[in-house]
Amino acid sequence: MATNQGSFSVEDMKNVQINIGAVVKEADEWDQEMGPFPKPGVATLRSWDHMIANRYKIMYTPADDTCTLCTYGPCDLTGNKRGACGIDQAGACGKIVLIACLMGCCAHAAHGRHLYHWCMDKFGDMKFDMGDEILVDSPLYQTIMGSKPKTFKDFNEGLYYLEEEVVQLLAATHTGQESAFIDFESKALHAGMLDLLGMEICDMLQIVAYDMPRGAADAPLIEIGMGTLDQNKGVLIAYGHNLAAGAEAMIYAENNNLWDKVDIGGVCCTAHDLNRIGLGNGELKVPKGIGTKPKVAGAMGWWRKMIRSGVMDCVMVDEQCVFCDVLADAEKRKIPVIATTDKIMLGLPDRTNDPIDAIVDDLVNFKMPGVAVLDPTKAGEIGIRVAIAVKPKRAEAKIQNLLTEEQFQEGIKKCTTCNECAFVCPPHIRISSLIGDAMKGNLLSFSNMYEVCVGCGKCEQSCPQGINILDLFEYANRQYIKTQKFKMRAGRGPARDTEIRAVGAPIVLGTIPGVIALVGCSNYPNGTKECYDIAKEFVDRGYIVVTSGCMAMDMSLYTDVDGKTIWEQYPGGFDGRNICNTGSCVSNANIGDAAIKVATIFAHRNHRGNFDDIADYILNKVGACGVAWGAYSQKAASIATGCNRLGIPVVVQPHSVMYRRTFIGRADKPEDWMVIDARDGKMQQIEPAPEAMLYIAETKEEAMVEMAKLCFRPSDNSIGRSIKLTHYCDISMKYCGKLPDDWHIFVRDTKDLPLVYKDQMMKELESKHGWTIDWKNKKFISGPLRPADVSFDPTNLARKIRTKK
Amino acid sequence: MAAEVKKGIDTTKNPIPFEMAQVPGPEQAKCYMPKVMGAIIRKAKRPLLVVGAELFDDPIMFDKMIEMGKMGIPIAATAHSVKGFVDRGYMTDVYQIGLHPLTNYLRFPDYMGLDGKGQYDAVIFMGIFYKFANAMFSALKNFNRDIKRISIDRYYHINANMTFGNMAFTPDDYHDAVDEVIAAMKK
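Listed in order, the protein sequences are those of chains A and B. First residue of the first sequence: 1, per our numbering; consecutive thereafter. First residue of the second sequence: 1, per our numbering; consecutive thereafter.
Quick caveat, the hints were computed from the structure, so don't treat them as lab data. Note that the Cβ used here is the ideal one computed from N, Cα and C, for glycine as well. Errors might be hidden in some of the hints.
Said to hold, decoys possible - Calculated lysine to aspartate or glutamate pairs in the DMTMM-like style (CA-CA distance at most 20 Å, straight line):
no.	chain 1	residue 1	chain 2	residue 2
1	A	Lys-288	A	Glu-254
2	B	Lys-30	A	Asp-76
3	A	Lys-768	B	Asp-115
4	A	Lys-768	B	Asp-93
5	B	Lys-117	A	Asp-668
6	A	Lys-669	B	Asp-110
Unchecked claim - DEER-style ranges, computed between Cβ atoms:
no.	chain 1	residue 1	chain 2	residue 2	range
7	A	Glu-568	B	Asp-57	51 to 57 Å
8	B	Thr-92	A	Glu-568	46 to 52 Å
9	A	Ser-767	B	Gly-72	19 to 25 Å
10	B	Asp-172	A	Lys-332	40 to 46 Å
11	B	Asp-58	A	Asp-562	32 to 38 Å
12	A	Glu-396	B	Asp-57	29 to 35 Å
13	B	Asp-57	A	Ile-719	37 to 43 Å
14	B	Asp-172	A	Gln-461	28 to 34 Å
15	A	Pro-787	B	Met-112	42 to 48 Å
Stated by the list, open to error - Stretch-level coverage of chain B by chain A, calculated; a stretch enters the list once three of its residues show a Cβ under 8 Å from a Cβ in chain A:
no.	stretch
16	24–36
17	78–84
18	89–102
19	107–117
20	132–146
Based on the sequences and whatever the hints tell you, model everything.
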């Protein structure tokens, strides 16, 4: 067969099988050169990972001293002993960490894969268009893959890449494969990076397909809270993370004019995504503005409280973060359940191919507690019809949701104060004390602890008297449930390029003291209000505060003295003294995206296939800090690990010790804090900034002090460092009553000193730390680790040294 | 001064992890009587008292910790607990540091301590959120066994070497037990 390059004739061919390999794409239109590492493999970025792990010591807190993964076991690894296969405790911990990160990564990637197929089926191959204000439209994809997706189909390449890497990583966890803890962590960092990619693919697909806001600082304020669900209508709850079925339910309600008969409430991240639909300015294939019609019932941590409160008539579950006893809880209350994805089928019969009328009839008449319907359109219609039709049936059945006064009294009288419940309660609520107060007629203790209770139900499992403790909480808080009505800003999507241009220099120089990203779910060590307190502290101080997922929901439940939620108090731009809700869990990718965009839009760094270069820039120059103050899931582990590989430190709450591994530096080892000055290749010692990559704080107060510190970067100019030191010291003074012990190591020049503390600090530097000071000229003669140098160009990559020609 | 000491508080009862499912493996902490704990702490060459934010829930414990500090034991005030010491005007050898970075340092034999005088041979945990303290004990148990892990908290700490049994629901006995520890340290 004669062929010219790139084409051939098929006219004369008979009985020929044609196998098409990779299709060579049209000439590249991207003006950036390809970086060194497009589609990095498992070991490609290993040297970057080892740099992180050598500076930020891998610290394990084993939850288990044994290994039980193979038939050699159980092996006792206490004291870092080796098991029968030869792995030591550190290696065994690293293996579990990698598996956890893979779980998280796969949850998002599989979500993306489902959305990809669903969107292609429903909408066809759409142009990937993020609008005129977001031209750097898929920063993680471009940085990792080295290519730009132009249509939905192009995302398939990213998903294929991701899926292959995940298989390779999971293979490494088999007994007899990887054993070195540092390489398990390199692989975990790889999984984390893949997770960022999977999340971005998910969010970009749904933003375009469902015409969600593309960086809308003025995204509408929407209703949140159990009290927003209209009890005069059938209430359908869409619970989970994948919008497909919930969106179909909304479209069915819209097309059939049923909004006066049904209310849709989202729980967990599905709520965010339903409330973003049709609010963008792109190609519209869904009803315009429909995203303002459903309500946000609440975060996943409220689930067991919601289902006990009696606010719902039908539940559709999709994927991720769904409590495993959802069916049992729903069946007890005659709430039909519809499982809508193959990831969570709950043992229910697969009725995907059955007639809708038959399924509705079965559910409405309680012939079965639930069904699996894997066609989102069908599931959506069934959900709406069941919610409307079952409401009167449930009323007829006189389903009791809340306890009566007599039942409540009966319940509390059973308590023998054995305190078994306290031994299993994650936030250590002394439940017997609450019951003791209730016996005296005081329900305030139950009310005060309602938001502290994470709704896990372990207390009920352990109670030898069989007291339904969560029901006691519901009874005591029945008034609050009715009035839980607040406002939250709908997910706005990514930062716009223009926003990045405006804040790029202030972030890198430090005059915007930092970007604080509050992400994750709702199991806080001391109640949901802590996320509001943290956000408020930093937005008030002029930081850029970004949030997403359940964190964004929970901080909406509190108001200032004027009755305004945090979304009503501050604008929603990506700017200082603003607070952005980027959207759902997968919208966390937008936070990494913003950091990459600072490097590429502001600093003109080539990001194409250039992950370690961009991460190096972020680590040294972008003062961003994540906080997962309540996360429970493996997804949180992989998101945090992905942020770490990208050079973004993260602070987590004390329950996060269950993730087993942290990255934390040794400030006492100067040799750990050496970087290259890219101007001339000389090594330069820097202050420990940022000091940790993954830091566990015991209290919100400690977290806030640490977050301010983790925004320091070697590139800060003196004005920026002074501003950052001011906040670090102010927050420490506010919550600890004193300046932090280590403030002096961040001082390079007198101009770095916060004005308010300057005289006190100068004296202390001389008297306590032995610095010599030229008092007349107010200059340091000796003392600082290094001088302040505005053109200092720190890097950890030798290839970034600028050679003189 | 410690309150008048009642003799013989039995601190060896209820050796059940305060988070009941925290059962890590074959090596588990033993419960000791207060006077034994006090004697062990007294004999330590480089002890470090590590206290957390739960002290704010039972402020009298700040006074007891200060009493121990006055016996020459440096105090690592984790979380924001340092405020309790500031408010009481006691800052001698009190260091503000997170439990996480502190434990990270403690893992390494070459750590020179908060005062630069050398690694510690015993850490005494007190007033720290249970799960957090448990995990940090685990880090030391598995990765630096040269430091003795002592808990004088009101919980049974399974990853410590020496601990009380659970006294979370008997605060008076617990206070007396800590006073007994202090008294034994003075002998």
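For this session: Of all the hints given earlier, name the ones this structure violates by number, lowest first.
Result: 7, 12, 15
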